[in-house]
Amino acid sequence: MDWELILENGGKALVGTDAVVFALAAIGLNVHFGYTGLVNFGQVAFLAMGAYGVAMGVITFGLSFWLAVFLGLFAAVILAVLLGLPTLRLRSDYLAIVTIAAGEIVRLVLRSASLRSSTGGSDGLQAFADPFFDINPLPTGGTALGPIHLGDGGYGFWIWTFGPNTTWVLIVGWGLVGLTSLMVWALMRSPWGRVVKSIREDEDAVRSLGKNVNWYKMQSLILGGVIGALGGVIFAISRQSVQPDNYSTALTFFAYTALILGGTARIFGPIVGSMLFWSLLSFTDVTLRQAVVNDKIPGDFLTGTRVGIIRFMLVGAGLVLLMVFRPQGIFGDKKEVAIGERG
Amino acid sequence: MLLALLALDLAGAAPAGAQAEGEEPAHSVRGILIDKKQTRERTDDVPVEGAEITVSTAGGEEIGTATSDAEGAWEVEVPGPGRYTVELDPDSLPDGVGVAGDRNELELDVNPNQRRLIQFDLGARTRDVTTTFDRFLQLGFTGIRFGLIIAITAVGLSLIFGTTGLTNFAHGEMVTFGGIMAWYANVDWGLHFIPSVLIAVAAGAGGAAAMEIGVWRKLRRRGVSLLAMMVVSIGLSIVLRYGFQLIFGASPRVYAAYQGQDPIEAGPVNIAPRDLWSIGLIIVVLLAVAFVLQRTKIGKAMRAVSDNRDLAASSGIDVDRVILFVWVLGGGLAALGGVLFALNERISFNSGFGLLLLMFAGITLGGLGTAYGALVGSFIIGLFIQISTLDPFPAVPPNLKNVGALVVLILVLLVRPQGILGRAERVG
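Protein chains in written order, with numbering that gives the first Met the number 0: chain A, 0 to 342; chain B, 0 to 427.
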């Protein structure tokens with residue numbers, strides 16, 4: 000067993016690009032689910048809007064990279080309006096059904112052979128993120144102060160180092176996580192946030208006070224969707240490619256698991272949840288793979304591909320157990336967990 | 000029509016006549032029409048006689064027509080060098096022969112003193128001899144079968160929602176479970192298909208009962224909210240789906256029984272006998288379900304719980320027992336639907352999840368929580384999905400046909416959120 004490898008991967012996953020992307024996705028879900036009580040089961044569609052907005056903006060429409068980022072965010076706004084209009088006035092089940100369907104629609108349309116010329120079909124699109132890496136200020140060479148790497152052997156601490164490009168993505172990504180969290184924090188302290196949280200507690204009461212509940216819900220759906228789309232932008236940039244099958248419904252529920260693990264309706268809930276989620280996932284993944292390689296697991300049942308499948312099952316089981324036994328997650332307040340009280 | 004053909008024939012005879020006199024035209028377009036039968040063997044090639052070809056200028060002015068002779072050869076004289084359009088009339092081709100990719104109109108340049116040779120790519124596969132109406136009937140038949148399969152799986156989902164209020168996102172996995180169990184019984188253990196179906200249905204009903212007793216009843220007792228239960232059902236669905244992948248593998252599989260049946264030709268519609276049996280079986284089962292709901296005591300109790308749970312409980316109905324029965328019924332129906340779906344298509348670990356979204360579309364269209372609404376809505380969705388691919392009328396690309404159903408779902412919610420058979424409820 001290569002314990003250093005397990006430690007290295009587990010530590011890198013704590014702050015890696017997946018943690019950033021899912022933190023952003025989960026912050027968006029927190030606005031929907033945690034604060035407003037909207038059951039959005041199609042967050043992946045918003046990520047896909049951001050990611051494909053950038054990729055198609057640059058490659059298909061020939062826009063500049065930065066304009067394409069705005070295209071992605073704008074597409075997320077449009078999607079939120081399209082999904083919200085028919086469902087926000089109805090019971091929460093309808094939003095859940097329509098959003099999970101929308102997530103699947105988006106993926107099927109993106110991978111459709113009929114649209115291959117613009118979306119790249121099931122192969123997706125590549126090579127659109129160069130302008131982002133062109134302004135990377137980090138030099139490829141540098142110094143190292145003891146275990147702290149500053150360009151010499153990547154950037155990072157001890158065995159946890161990233162290449163200059165990944166480090167640049169991480170700096171921008173965590174910067175966005177910080178900015179959006181700050182924004183959500185400020186919004187939730189504002190009168191707007193109070194209305195939104197009251198909608199979660201008792202929609203009819205808020206309506207009887209003369210607030211336009213559906214419009215507040217719509218604003219919340221748009222806000223959370225755009226934050227999710229930012230996650231999609233980072234996802235696309237970090238891989239320098241978009242592929243439709245990366246945007247399957249499972250992604251939404253990874254984000255849900257991360258959010259509930261950290262604690263809903265808490266500023267740090269989605270961030271810590273996402274970091275821990277990916278660290279745990281990477282830890283179990285590498286440990287299992289190491290066990291397979293070193294024949295620690297008897298029989299030939301567990302192969303490399305099966306480890307990947309087991310990972311999904313663990314996430315599903317984790318979601319069930321969290322939901323049943325600790326719906327407030329690590330940070331949450333049981334009184335404020337929307338899902339604890341409402342039927 | 001006949002006269003027109005005759006006229007074309009006469010017009011086509013003129014250049015042929017000119018050729019017979021040995022004076023080859025200075026400028027012409029010519030070709031040989033050969034049906035290659037989509038094979039590499041030259042001996043399979045058959046010349047196509049009697050096909051009509053029209054040559055026009057690039058501006059669309061007709062210059063001349065020709066009819067291919069016994070060797071498939073044709074030639075049309077043109078006034079001089081320039082750009083011309085050559086059109087092969089697909090209706091003049093023999094039955095079963097068509098132009099690949101419908102490229103029956105070609106543009107080409109004729110150079111000075113050139114007798115330009117062009118080829119039309121002919122083959123059997125590409126020629127669709129059926130009329131639009133015939134295709135409509137065929138798609139309609141497939142749609143009826145598909146709609147009934149969605150309906151039989153959706154009834155359970157709708158009943159569970161009606162009696163417990165739970166939107167069960169793991170219902171698709173119950174469908175997959177039935178399909179997979181039947182595969183193991185039929186292929187792995189080598190049983191006949193009919194006992195395999197019975198095993199699958201029993202396993203589906205048993206599995207659903209186990210879920211109700213092991214998970215849902217406990218959660219209800221703990222007072223877990225419906226929203227939380229919905230998230231739990233998602234988690235369960237993920238565990239089950241990937242559990243199936245772990246055990247069953249990622250690639251789709253087919254049953255050993257009833258493959259490659261000779262279709263029955265009913266007019267323009269080809270029907271595999273297994274589809275006919277599937278349809279008959281589903282109709283019988285659905286009638287039985289309707290009978291249970293309407294005429295038996297447990298059915299009445301189910302409808303009572305669905306209408307108002309507290310009232311039902313206070314009038315002496317054992318709600319937990321009714322809910323257990325609903326799960327058993329729903330699980331059995333889902334498993335049967337899964338088997339019949341897999342019988343015609345294939346079964347893989349995520350078949351059920353794909354169907355789940357269509358079930359949702361159907362249930363929403365029919366009215367959330369109503370058993371008959373689920374039937375009607377799912378049937379319409381299945382039919383709609385198939386017919387939406389009808390070429391050339393709506394012509395949704397087949398790989399996007401499910402998307403159309405999901406778009407319908409969103410539109411229904413906009414216009415009539417209570418569905419076809421649902422009652423309008425004031426929300427908020």
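It is worth saying that the hints were derived from the structure and are not from the lab.
Any given hint could be a false lead.
Sample of chain B residues with no beta-carbon within 12 Å of chain A, all distances over it, derived [as the list claims (entries may be wrong)]: (1) Glu-48; (2) Gln-118; (3) Phe-243; (4) Gly-248; (5) Leu-286; (6) Asn-307; (7) Ala-312.
DSSO-like mimics (lysine-lysine), calculated; alpha carbons at most 27 Å apart, straight line [said to hold, decoys possible]: (8) B:Lys-299 <-> B:Lys-217; (9) A:Lys-196 <-> A:Lys-210; (10) B:Lys-296 <-> A:Lys-333; (11) A:Lys-334 <-> B:Lys-299; (12) A:Lys-210 <-> A:Lys-295; (13) B:Lys-296 <-> B:Lys-217.
Across the chosen pairs, the derived CB separations fall in these ranges [to be verified]: (14) A:Asn-213 <-> B:Leu-410: 15 to 23 Å; (15) B:Pro-78 <-> A:Ala-112: 55 to 63 Å; (16) A:Phe-69 <-> B:Gln-113: 49 to 57 Å; (17) B:Pro-251 <-> A:Arg-325: 32 to 40 Å; (18) B:Ile-282 <-> A:Arg-193: 51 to 59 Å; (19) B:Gln-260 <-> A:Asp-129: 53 to 61 Å; (20) B:Glu-48 <-> A:Leu-81: 52 to 60 Å; (21) A:Lys-295 <-> B:Pro-251: 50 to 58 Å.
The structure presented is a predicted model; accordingly, all values stated were derived computationally and were not measured.
Backbone N, C-alpha and C define an ideal beta-carbon position, used for all residues, glycine too.
Status of the hints after comparison with the structure:
{"no.": "1", "hint": "Glu-48", "result": "holds, 37 Å"}
{"no.": "2", "hint": "Gln-118", "result": "holds, 27 Å"}
{"no.": "3", "hint": "Phe-243", "result": "violated, 10 Å"}
{"no.": "4", "hint": "Gly-248", "result": "violated, 10 Å"}
{"no.": "5", "hint": "Leu-286", "result": "holds, 28 Å"}
{"no.": "6", "hint": "Asn-307", "result": "holds, 15 Å"}
{"no.": "7", "hint": "Ala-312", "result": "holds, 16 Å"}
{"no.": "8", "hint": "B:Lys-299 <-> B:Lys-217", "result": "holds, 25 Å"}
{"no.": "9", "hint": "A:Lys-196 <-> A:Lys-210", "result": "holds, 13 Å"}
{"no.": "10", "hint": "B:Lys-296 <-> A:Lys-333", "result": "violated, 42 Å"}
{"no.": "11", "hint": "A:Lys-334 <-> B:Lys-299", "result": "violated, 39 Å"}
{"no.": "12", "hint": "A:Lys-210 <-> A:Lys-295", "result": "violated, 61 Å"}
{"no.": "13", "hint": "B:Lys-296 <-> B:Lys-217", "result": "holds, 26 Å"}
{"no.": "14", "hint": "A:Asn-213 <-> B:Leu-410: 15 to 23 Å", "result": "holds, 19 Å"}
{"no.": "15", "hint": "B:Pro-78 <-> A:Ala-112: 55 to 63 Å", "result": "violated, 43 Å"}
{"no.": "16", "hint": "A:Phe-69 <-> B:Gln-113: 49 to 57 Å", "result": "holds, 55 Å"}
{"no.": "17", "hint": "B:Pro-251 <-> A:Arg-325: 32 to 40 Å", "result": "holds, 38 Å"}
{"no.": "18", "hint": "B:Ile-282 <-> A:Arg-193: 51 to 59 Å", "result": "holds, 56 Å"}
{"no.": "19", "hint": "B:Gln-260 <-> A:Asp-129: 53 to 61 Å", "result": "holds, 56 Å"}
{"no.": "20", "hint": "B:Glu-48 <-> A:Leu-81: 52 to 60 Å", "result": "holds, 56 Å"}
{"no.": "21", "hint": "A:Lys-295 <-> B:Pro-251: 50 to 58 Å", "result": "violated, 33 Å"}
Consistency note: the structure conflicts with the earlier hints numbered 3, 4, 10, 11, 12, 15, 21.
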